[in-house]
Amino acid sequence: MSKFEVPVGPQHPALKEPESFTFVVDGEHIVEVRPRIGYNHRGIEKAAESRTYIQNLYLMERICGICSVAHTTCYAQNVEYLYEKEIPPRAEYIRVIINELNRIHSHLLWLGVAGHEIGFDTLFMYVWRDREHVMDIIEAMTGNRVNYAINTIGGVRRDLTGEAIAKARKVLDILEERTKYYRRVAAAEPSLISRVKGIGILKPSDAVRLCAVGPTLRASAIKSDVRKDDPYSAYEEIPFNAVSYDMCDVFSRVLVRVDETLEAINIIRYCLDHLPNGPVRVKLPRNPPAGEAVSKVEAPRGEDIHYVRSDGTERPARYKVRAPTLGNIPAVCDMLTSKADCNVNIGDIPIVLASIDPCFSCTDRAIKFVDPRKQKEWIWSHEQLERYARRKANP
Amino acid sequence: MKLGVVKWARTKSPWLVHFNTGACNACDIEVLAALTPRYDLERFGAILRGSPRHGDVLVVTGPVTRQVKDRIVRIHEQMPEPKFVVAVGSCSSSGGVFRGCYNVYPGLDSVVPVDAYIGGCPPKPEAIINGVAALLAKIRSG
Amino acid sequence: MSVPPEKYLAEEIKRVFGDRALELKTPRKRRLFVTVGPSDYKEFMKYLAETMRITHISTMTGFDAGGKIEVMPHLFGLGVELTVRTSVPKDKPELESVTDIYPGAVLYEREVHDLLGVIFKGHPDLSRLILPEEWPEGVYPLRKDYKAQQSEPVRKG
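Protein chains in written order, with the numbering used here: chain X, 1 to 395; chain G, 1 to 142; chain Z, 1 to 157.
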């Protein structure tokens with residue numbers, strides 16, 4: 001059936017690198033999905049045990065360069081829970097502003113990448129050009145575009161200048177207009193909708209059963225958001241909506257992220273209008289008290305959870321991180337498995353994988369296919385799979 | 001530098017191949033940003049393409065994890081001569097913040113030869129373009 | 001005056017499990033830590049899922065505490081972030097899997113197995129998740145006796 005069986009060629013015989021996913025197929029249809037991750041397993045949790053709490057701030061930021069500040073916020077909070085210390089309100093508001101800017105940049109990044117997966121490279125270029133506005137505000141506020149180093153234990157390291165705030169207000173207006181434009185395109189462009197509607201179905205009951213998180217969960221009608229369910233930082237004081245849609249498909253996930261971008265713009269405006277006066281950090285002793293704590297934040301990809309165990313010394317006894325994407329792997333395997341009422345095809349893989357917003361490196365890996373009936377096995381690079389998917393979509 | 005390489009470099013736009021060896025994505029998004037209209041890497045005569053078989057310059061991010069080591073070595077082997085390798089970011093330059101961790105190598109040059117290092121965590125798109133352009137200028141001038 | 005959710009849940013657990021809930025801590029709002037023995041663990045998780053309808057598992061932390069390894073599922077429900085703690089002896093680190101009650105735990109148990117060597121009895125697939133294929137058997141990086149060493153260079157830099 002599929003003319004594109006590229007057998008494991010001469011460049012692969014010594015392929016010790018395991019595939020990120022193995023798909024068991026029957027012709028075009030996917031019957032089973034087996035995940036295997038670990039490409040960017042760097043041993044962070046072990047490293048955290050031999051670094052001080054302050055040094056770990058810089059390590060945590062680099063768990064994921066896209067969600068960066070979500071991890072440092074979660075980490076700083078966690079350690080602050082150990083001290084049982086509240087940080088100054090102005091610091092909480094600044095954390096929210098930077099976290100929401102991070103959400104906007106991440107969702108726009110994703111929108112561009114998703115556009116590329118569907119074959120809309122122009123969308124990618126437009127969105128990433130608009131995203132540069134966000135990078136500008138972030139750089140004006142924190143001094144850097146990608147890894148911000150804004151958080152410290154006890155608050156934030158920099159205050160917002162009047163100049164940065166004025167710039168932000170202007171840019172937010174532009175961003176809002178551009179995002180509304182993308183919202184209209186997403187809701188009305190037939191060639192885009194046909195590629196994402198009805199694809200990658202995740203039923204609400206499965207989303208809950210498999211413990212999905214973030215926009216993936218909220219696009220399956222479950223209105224669960226850490227900022228509402230377990231409010232942290234200043235979120236309890238800030239009026240905003242948790243966005244949810246009920247179509248349970250890739251289209252639903254597109255709409256959730258675009259609307260969350262619009263909500264984020266409003267949250268930032270509220271924070272700028274209500275920014276409390278006062279200091280931006282409180283000085284804390286070098287060693288936190290012995291104890292343990294759990295901290296959660298709503299990163300752009302979903303619930304990020306950290307656990308810390310302190311033995312009273314300057315290094316953590318244990319630091320555990322579960323980044324959001326891992327929480328969605330069982331759900332994406334379910335989305336990619338054919339069921340009685342719904343077949344899933346090989347050509348759907350790139351867009352469905354992209355729809356959970358995984359870290360690039362999770363998807364930029366070899367993918368293995370096994371067809372037991374035809375007794376065939378083959379391995380494709382992600383690029384080969386993308387090309388196949390595009391050919392299938394535009395015959 | 002051999003005359004053949006200089007002539008080659010002056011007569012074509014080098015094809016860049018990007019590969020992530022376990023990076024956190026920070027460098028990768030800045031490499032991609034370098035392609036977008038604001039920075040426009042392509043006006044320096046370099047094109048980002050997918051396949052290593054046609055690649056001239058391998059642009060690598062990330063601390064090389066054990067899982068990808070064989071693949072990056074193989075990709076490097078698949079590239080035809082003349083070929084050049086650019087290590088983007090602190091992680092590929094030296095292991096960066098992950099130096100000393102189990103499961104990573106201490107920098108890309110412990111696995112394949114490297115021609116240029118672009119430091120930063122991550123380096124800004126301007127720095128990436130600067131590094132790639134400087135490498136190309138060096139090759140072209142012999 | 002309403003009872004904070006973590007206090008309510010703590011009271012319910014005490015009522016149903018009595019002394020088998022070895023330790024109950026509510027260090028801050030919406031946080032509850034409960035310790036149970038390994039023989040009560042599965043029953044306790046079943047109670048949380050089926051009676052209290054706490055269905056979301058966020059992750060599982062494993063911790064090398066010397067002679068024993070602690071296994072801590074982190075759950076969320078009823079407005080409470082609940083951490084359950086149980087422990088198994090390091091020389092026989094076996095615990096019942098809860099993947100039949102919490103299907104979402106399937107990768108988290110696999111991760112604790114990969115990095116700390118706990119065997120979850122009844123887990124559908126405890127193959128390697130995170131460590132490379134060639135990682136030696138029986139070497140668990142998150143155990144305290146493992147000294148992290150970066151990989152040996154393949155060539156001189």
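If you're looking for bench data, these hints aren't it; they were derived computationally from the structure.
Keep in mind that the hints are not guaranteed to be accurate.
Far from chain Z, some chain G residues (derived; all Cβ distances over 10 Å) [said to hold, decoys possible]:
#1 Ile47
#2 Leu48
#3 Met79
#4 Gly100
#5 Tyr102
#6 Val112
#7 Ile139
Computed spacing ranges between beta-carbons, pair by pair [stated by the list, open to error]:
#8 Z:Pro153 <-> X:Asp159: 39 to 49 Å
#9 Z:Pro38 <-> X:Asn287: 30 to 40 Å
#10 G:Pro82 <-> X:Arg183: 29 to 39 Å
#11 Z:Ala148 <-> X:Thr313: 13 to 23 Å
In the SDA-like style, the derived pairs of lysine to any residue whose C-alpha atoms are separated by at most 25 Å in a straight line are [claimed, not checked]:
#12 X:Lys392 <-> G:Arg49
#13 X:Lys368 <-> Z:Lys68
#14 X:Lys46 <-> Z:Ile101
#15 X:Lys376 <-> X:Val31
#16 X:Lys167 <-> X:Ser194
#17 X:Lys85 <-> X:Lys368
#18 X:Lys46 <-> Z:Glu12
Glycine residues also receive a C-beta, built at the ideal position from the N, C-alpha and C atoms.
Exercise for the section: Examine each Cβ of chain Z, and state whether all of them lie more than 10 Å from the Cβ of Gly100 of chain G. Expected result: violated, 5 Å
Practice task
Kindly confirm whether 13 to 23 Å is satisfied by the beta carbon distance between Ala148 of chain Z and Thr313 of chain X.
Solution key: holds, 18 Å
Handout entry: Hint consistency between Lys368 of chain X and Lys68 of chain Z [alpha-carbon to alpha-carbon, up to 25 Å]
Key = Violated, at roughly 39 Å.
Problem - Proposed proximity, Glu12 of chain Z with Lys46 of chain X (alpha carbon, max 25 Å) - result: Cα-Cα ~36 Å, so violated.
Problem - Distance restraint hint 29 to 39 Å, applied to the beta-carbon atoms of Pro82 of chain G and Arg183 of chain X - result: Hint violated: Cβ distance 48 Å, outside 29 to 39 Å.
Practice task
Please settle this one: Ile47 of chain G was flagged as non-interface, so is its CB more than 10 Å from every CB on chain Z?
Solution key: holds, 29 Å
Problem - Distance restraint evaluation - Pro153 of chain Z, Asp159 of chain X, Cβ atoms, bounds 39 to 49 Å - result: For Pro153 of chain Z and Asp159 of chain X the Cβ distance comes to about 44 Å; the hint holds.
Exercise for the section: Sort out whether Ile101 of chain Z lies within 25 Å of Lys46 of chain X, counting only the CA atoms. Expected result: Distance of about 30 Å is beyond 25 Å: violated.
Handout entry: Given as non-interface: Ile139 of chain G, partner chain Z, CB spacing beyond 10 Å
Key = It holds; Ile139 of chain G is separated from chain Z by about 21 Å at its closest Cβ, greater than 10 Å.
Exercise for the section: Could you grab the alpha-carbon distance between Lys392 of chain X and Arg49 of chain G and see if it respects the 25 Å cut-off? Expected result: holds, 22 Å
Handout entry: Least C-beta distance from Met79 of chain G to chain Z larger than 10 Å
Key = holds, 17 Å
Exercise for the section: Report holds if the minimum CB distance from Tyr102 of chain G to chain Z is greater than 10 Å, and violated otherwise. Expected result: Non-interface label fails for Tyr102 of chain G: nearest chain Z Cβ at 4 Å, not farther than 10 Å.
When held up to the earlier numbered hints, the structure conflicts with 4, 5, 6, 10, 13, 14, 16, 17, 18 and fits the remainder.
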